[in-house]
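There are 2 protein chains.
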Amino acid sequence: MTDGPSKMLLPDGLRDVLSPEATREASVVHGLIERFRASAFRRVDPPLVEFEDSLLDGVGAPTAPHTFRLMDPVSQRMMGLRADITVQVARIATSRLTRTPRPLRLCYAGPVLRVRGTQLRPERQITQAGCELIGADTPEADAELIEIAIDALSGVGAKDLSVDISLPTVVPSVFESLGLDKDTRRRARLALDRKDAHDVAALGGDAALRLGALLDACGPAERAMEKLLAIDLPPMAAAERDRLARVLELLDESAPGLVITVDPVEHRGFEYQTGLSFTLFSKGVRGELGRGGRYAAGAAGEPATGVTLYLDSVMRAVPMAEEVQTVYLPHGTSPAQGRALRDAGWCTMAGLSAEADVAAEARRLACTHIFDPMRGADPIPLDDA
Amino acid sequence: MTDGPSKMLLPDGLRDVLSPEATREASVVHGLIERFRASAFRRVDPPLVEFEDSLLDGVGAPTAPHTFRLMDPVSQRMMGLRADITVQVARIATSRLTRTPRPLRLCYAGPVLRVRGTQLRPERQITQAGCELIGADTPEADAELIEIAIDALSGVGAKDLSVDISLPTVVPSVFESLGLDKDTRRRARLALDRKDAHDVAALGGDAALRLGALLDACGPAERAMEKLLAIDLPPMAAAERDRLARVLELLDESAPGLVITVDPVEHRGFEYQTGLSFTLFSKGVRGELGRGGRYAAGAAGEPATGVTLYLDSVMRAVPMAEEVQTVYLPHGTSPAQGRALRDAGWCTMAGLSAEADVAAEARRLACTHIFDPMRGADPIPLDDA
Chain Y
5 MTDGPSKMLL PDGLRDVLSP EATREASVVH GLIERFRASA FRRVDPPLVE
55 FEDSLLDGVG APTAPHTFRL MDPVSQRMMG LRADITVQVA RIATSRLTRT
105 PRPLRLCYAG PVLRVRGTQL RPERQITQAG CELIGADTPE ADAELIEIAI
155 DALSGVGAKD LSVDISLPTV VPSVFESLGL DKDTRRRARL ALDRKDAHDV
205 AALGGDAALR LGALLDACGP AERAMEKLLA IDLPPMAAAE RDRLARVLEL
255 LDESAPGLVI TVDPVEHRGF EYQTGLSFTL FSKGVRGELG RGGRYAAGAA
305 GEPATGVTLY LDSVMRAVPM AEEVQTVYLP HGTSPAQGRA LRDAGWCTMA
355 GLSAEADVAA EARRLACTHI FDPMRGADPI PLDDA
Chain S
5 MTDGPSKMLL PDGLRDVLSP EATREASVVH GLIERFRASA FRRVDPPLVE
55 FEDSLLDGVG APTAPHTFRL MDPVSQRMMG LRADITVQVA RIATSRLTRT
105 PRPLRLCYAG PVLRVRGTQL RPERQITQAG CELIGADTPE ADAELIEIAI
155 DALSGVGAKD LSVDISLPTV VPSVFESLGL DKDTRRRARL ALDRKDAHDV
205 AALGGDAALR LGALLDACGP AERAMEKLLA IDLPPMAAAE RDRLARVLEL
255 LDESAPGLVI TVDPVEHRGF EYQTGLSFTL FSKGVRGELG RGGRYAAGAA
305 GEPATGVTLY LDSVMRAVPM AEEVQTVYLP HGTSPAQGRA LRDAGWCTMA
355 GLSAEADVAA EARRLACTHI FDPMRGADPI PLDDA
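Those protein sequence lines, which keep their order, are chains Y and S.
Residue numbers in the first sequence follow my numbering, run continuously in steps of one, and reach 389 at the last position.
Residue numbers in the second sequence follow my numbering, run continuously in steps of one, and reach 389 at the last position.
Watch out, some of these pointers could steer you wrong.
Said to hold, decoys possible - If we take Cβ atoms under 10 angstroms as the criterion, some of the chain Y residues that face chain S in the derived model are: (1) Ser23; (2) Arg120; (3) Ala206; (4) Leu207; (5) Glu253; (6) Leu254; (7) Ala259.
These are computed hints drawn from the structure, not numbers from a lab.
Model, not experiment: these values are computed from the prediction.
Ideal placement from N, C-alpha and C gives every residue a C-beta, glycine not left out.
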C-alpha cells in the first residue's frame, strides 16, 4: 500500500501497520502459537489492563517504570496497561490454575505497551508471543524452552538462529563466597559488564582469579563449558554450571547444529531471573528475537521458566509476505461465480459499478487478474487481458 | 482448565481467557479475517493508543465517554486507549492511504477497551473484527458489507443468522419535511423509540400519518418494503428507500434465504451513521454479533460503509472448541520421535523426568495417549494403556 501525506500524526513509537505487513505479522504469530500448542502449551489470553499490584508484582517488577497507569473508575484503584505478559501468565498459573497439575505449560500472544521507547527499540507497542513452563526445575525444562523457541522461529522461516545462554546467579554467588564488600562488588560488576579483563584483574586476589576466569569463559558453548569446569566455584554456582552442562547435552540432541554461546557473567535484563537464562538472535538481524529464563512464579515462588519472542525483531528475521493475487470481478459477476473462485483459493475484488474498460479498472485497483463472467473460465492474468 | 481459588482479582469486566476458549477465539478471528481477505479487504493494524484528537474525531466521537485517557510523557499530549477501531481505519484511509485508489477495502481485528461495561455487555475488553469499504456510495457496497459479514460468520460456524436493516436518516428527513418543532420532534422520537403506535398517532396530522406508516413498516423485509413504497416520502428519504430496495434485491441474489428484517425508525447506536445501517444476530444467541452502516470518513467526509463484529457475542454463536488429543512422551523419547509425531499432527507433551508409572503420569497431566519410545509405533490411547 502506498503512503499518502500524513495529516494526523501518531505519537512517537506508535504506528499503523499496513498490508501486507499486518497480514504477515498475524500469520507469523499464528505460526508460532501453533508450534507452541503442538508441544502442549495451552493458550491463555490475559487482559490488556489489570490492577498494578498484580501487574508489577514479582517478575513484573522490572516493568514498573515502563508501564502506563490508568485510574479504574469502577474500583477507584490504579491499573496498568501491560508492558509484559509473562507476569500475567505467572499470575494465572499461581491463582486460577493452582490446582492444575504441574508441570503446567501455557502460551500467549498479544500486544504490550511501554511508556517510552529506547534507542535500540523505539517502538512503544510491540507484539509478544511466548511460552511459560511452570512447576518444573529440571534442566529438561530449560532445554525444552530453548528448543521450542528455536523450533517455532524456524517454523515461521527465521534462519541462522543462535542462542546466548547466561547464568545470572553465578556472579552473585561468587561475590558471596568471596565475601566481597559492597564497593568492590560494584566495581567488579561494572568491569564484568564492560567485559574489561584489565579492570577485573585490578580487583586482585581470588576475586581477580575467579571472576577473570568466568569472564574468560565467555564464548562458544563447548569451549566455555571446558573453561567453566576448570574454575573452582562455590556450590550454588557449581550447580548452575552442572545444569548448563546438562542443558547443552540435551540441546545437542534436540537441536543439533544450533549455534550456542555462553556468557556466564551477563546479567543485564536478567535482574529478576533466578537461573539459566538466554537470548535468541538471527545472524544479521538487528535486535534480539527473544529472551527467556528461570524465574519464581507467584507469592510462593514456584520454579518456572519461560521465553518471550518480540515480533518487531522476529518480523525482520522472516521472509517477506508474498504479493496477493487478486481477481477483479466485473459488475454483473454472479455471487455464485465469485464464491466458486474464493473457494478455489482466489482473492476476489467485486466491481461495484459497470465499467467501460474492465481491464483498465482492474489495473487501477492493483488487481492481477480479471474474470470474464460470460466465459466463466479461469481468471485471466492482466498481462494477457 | 480448572479454576482454582482466585487470590488476585481482576478489575470488573476484565478477565483471563483460558484454554480452550483462548485458542478458539484466536481461530475464529483468524477465520473471519481470512474471509475478509478473500474478498480483497487488506488488513491494517492501528496502534492500541493514539492522540485523542484523532481517536475521538468524526465517527469516533460517540466513543469519547467510553475511552480511557493517558498522558503521553513524550509529547505531553493526551492519548486515548481505543474503544473502537473503525475510526482508526477511517483515519488510515483518509491520511496515509489518500492516494490509494478507491474503492478502498480494509479489514482489521484486535482488542478494544471501554471505561465501563454496560448491563448488556459487562465486558470492558472486547475483540473486534471488521471491514471498511471506503470511497463507494453505491447500494452494491452496502450489500457487499452485509454479505461478507454473513459469509464470514457462517464460515466460522455461526448459524441461523439474521440481519436487521435500519435507515437512520429517514426519520430526520421526514421531521424536516414536516417542519416539526423541536418539542414535537422530541416527543415523536420518544414514541418511535418505544415503538408506541398510540403515542405516534397522538402527534396528529401529517406527522401521525407518515411516522405511523414508517412505524408500521417495521418487520420482515418483503412486507416492510411494500409498506415503505406506499408512503409519500420527502426526496432524501425516498432515495434511502430506493437504496434499500436495491440492497434487498442484491442480497436476495448473494445471500438467498438470509432472514432480513427492516426497521426504518431505529436510530439508537446509529447516531453517527449517514445512511443504511444494520445489526447482525444469531437466533437464540444473546446480544448482537455485529453492526455496521454508512458513515463519512475523514475531514472531507468521504462516503464509507463498514461492519464490526463483536467477538464476545460471536463466540456464543459458534461451536465449542474440540478437546485436544495430547500424547505423553515418556522421558527418554528421542527429539526426532517427538518431532515426527508433531509433524503428523499430534500434540505432544514431553515428560521432564523418568516416571515409574508412565500411564498414571500421563493421566495426571490430562493426556489422552502415550507413546512407547521402544515400540515407536502409533500413540496408544490411554483407555487401552
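Okay, the hints, checked on the actual structure:
| no. | hint | in the structure |
| --- | --- | --- |
| 1 | Ser23 | holds (4 angstroms) |
| 2 | Arg120 | holds (6 angstroms) |
| 3 | Ala206 | violated (40 angstroms) |
| 4 | Leu207 | violated (39 angstroms) |
| 5 | Glu253 | violated (12 angstroms) |
| 6 | Leu254 | holds (9 angstroms) |
| 7 | Ala259 | holds (8 angstroms) |
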